[in-house]
Amino acid sequence: MILINFGRRYRLNRNIKILGTIITIVFGLICLFTPYPDCLLASGLSRPIVIAYQSLSRTFWSIIIGWILFLCSIHQGGLVERILSWSIWDPLARLNYSCYLVHSIVVRTMVLSQRMPFYYQAHLVVNNFVSHIFFSYAAAIVVTIFFETPFFIIEKKLLKR
Amino acid sequence: MTPSSPNATVSLKIILGLCVPSSCDRESIASLMNTLFNKTDVTKTDLSCSNDPSNGQEGLTSGAIATCIVLSLLGLIVLLGTIIDLLLLSTDQSIDSQTSNINTYTSLTDERIELIERPGFSLRTLIDPESRITVLAEFSAIRTLRRIFTMKQKKDDDSFIFINGIRVLSLCWIIMGHSLSFNLSYTSNILDLLVWTRNVFMQLIINGVLGVDTFFVLSGFLTAILFVRQVKKEDKLSLRLFILYYIHRYIRLTPTFLLMILVSINLTPYFGEGPVYPREKGFESDECRSGLWWTSLLYVGNLYKPHEMCFDIAWYLHNDMQFHWIAPIALVPFVLGRKSISFIITTIFVLIGIISILSILLYYPNMSVGVLDAFVDRVSFVYMFYFEESVFFYVYSLALLSIKIFTLLLGVVYLPMQLVLLLV
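Heads up: the sequence lines are chains V and D, in that order.
Here the numbering used here is used: the first residue of the first sequence is 142, the next is one more, and so on.
Here the numbering used here is used: the first residue of the second sequence is 250, the next is one more, and so on.
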């Protein structure tokens, strides 16, 4: 709405921008690594910290994303904005909904069809990640062609009339 | 399993794998087990054989046949569309090449030109570009592929190209999390995995849950922007706008979602085989298979019998749709110019969210909260958190809120600037 009211030419004070970005990074680190000591310490984290983390982490996280969205929409995102605007994301983003739906079937089928259980090693984990992501998007192409597009076109025709 | 956790009904069992020749029947395996372990309570109902027929019967079930028919109908439409599209393309090209031929060989007699032109004509009348048949060409697989893979970006000021990057990266993060978590029950060295959690980088994978939160924020951001933009365009809040607001999203999401559920219920038993592959039921629960899918149709699966929900990852869709329903509560005051009211409403949403998590945790003091615990203990906090409470409420509303905070901030900055300009 700011974007509508004031256009996207709004220039942010440089100091505010730096301050906001630093706060965002700190929030991000808090969100990502607060549970880490829980895995390190035998006793785990104390209950109050866990409760605080669970109730607040999502709020903090959405502030981070909100800040990124804000900076990018006034075209002051810098490097982050440039990376996020790469045109390689375009086709993938069009497949995103199908991919989200199909990925659980793909991953489960691949994992549960194993004759032997996995013996996990670092490279196998990475290997799994890459192949699961690749095959999910590949399956998403099929889902988009056969499931999504036909109904998308029908909807377009219906709403036009 | 902690006995103090609420409705603790799940008991963990040891699953033993045994390789026997396929000529053995269940009866003899059960008796073999009983002699081997000196126990007598192993019956053939405890056994699950990897060569059991899919869906519990030989051949296809009626559900699977129905699904196949639906899928082949869709396939047929796309196939027809592709053929017509190809024909259209080839006639276009042949006409082009003919006209160029005619242009170069101007010395040709009229008769010959007629001869050359005729086949083009007949093809053209066969597939008249204006006719209804060409509508089918829109379903063409080639067109869809071209639409997906065009990289040309609109450089106008209204689009948010950077959102594509966030969406794709978040989904990759989520798939990484799932790729590990779906597999936890079927590993030889699960203890190694637990040791790995001492590595800082594992935190990045374990916390992939936050990727879902990112989606909620994006969804809130886009909903707010599009809603306000639409109202600005029409200059008023019409009933039509509201109906479209609700219907549009519903019909964009539902058909694909339902087809995926259909496939997941009926066809996944045939997708694979192996000692742990669920040949009997596929990936869906009994309740879902016997008709609980209507909760997905209405997007209330996370509220009614959440543990039996179809397509378990779809809890996100259910939540998101519910937020979409309630978002106008905060958006309408905003577009009516009462920005402070919508600011208060969103703040209340955020507080409801925080307080509800807090109260759940305080009410069940022994609830386990780790993400990894959730896979062992199905009644843990994370599980309940996702499926039973719409606590995500507040992430969504915070997305709305964050935009509004910025608006207020900017309003504060903007007004004095205008005053200064006026004075100058």
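Because the hints were derived from the structure by calculation, they are not lab data.
Glycine included, each C-beta is placed from N, C-alpha and C at the ideal position.
Certain hints may be false.
[What the hints assert, rightly or not] Covered, in the sense of this in silico footprint (three residues per stretch, anywhere, with C-beta under 8 Å from a C-beta of chain D), are these stretches of chain V:
(1) 192-204
(2) 208-214
(3) 248-261
[To be verified] Quick list of in silico lysine-lysine cross-link-like pairs, BS3-like style, CA-CA up to 25 Å:
(4) V:K301 - D:K530
(5) V:K301 - D:K482
(6) D:K293 - V:K298
(7) D:K588 - V:K301
(8) D:K481 - V:K297
(9) D:K588 - V:K297
(10) D:K554 - D:K485
Whether chain D covers the segment 248-261 of chain V (at least 3 residues having a Cβ closer than 8 Å to its Cβ atoms): n = 13 at 8 Å, threshold three: holds.
For the pair we were handed, K481 (chain D) and K297 (chain V), check the Cα-Cα distance against 25 Å. It holds: about 23 Å lies between the C-alpha atoms, which stays within 25 Å.
Would you check the hint for K293 (chain D) and K298 (chain V), treating anything up to 25 Å between C-alpha atoms as holding? violated (56 Å)
Would the hint linking K301 (chain V) and K482 (chain D) be met if the CA-CA limit is 25 Å? holds (18 Å)
Hinted pair, alpha-carbon criterion (25 Å max): K554 (chain D), K485 (chain D). Please report holds or violated. violated (40 Å)
Take a quick look at whether K588 (chain D) and K297 (chain V) sit within 25 Å of each other, Cα to Cα. violated (34 Å)
Go check the segment 208-214 of chain V versus chain D for me, would you? Three or more residues, Cβ under 8 Å, otherwise it fails. That given contact holds, which follows from 6 residues of the segment 208-214 of chain V lying within Cβ reach (below 8 Å) of chain D.
With the threshold set at 25 Å, check whether the alpha-carbon distance from K588 (chain D) to K301 (chain V) stays at or below it. Violated, at about 34 Å.
Quick check: do three or more residues in the segment 192-204 of chain V have a beta carbon closer than 8 Å to a beta carbon of chain D? holds (count 10)
Is the hinted pair K301 (chain V) and K530 (chain D) satisfied, with a Cα-Cα distance of at most 25 Å? violated (42 Å)
Hint compliance for this structure: hints 4, 6, 7, 9, 10 are not met, and every other hint is.
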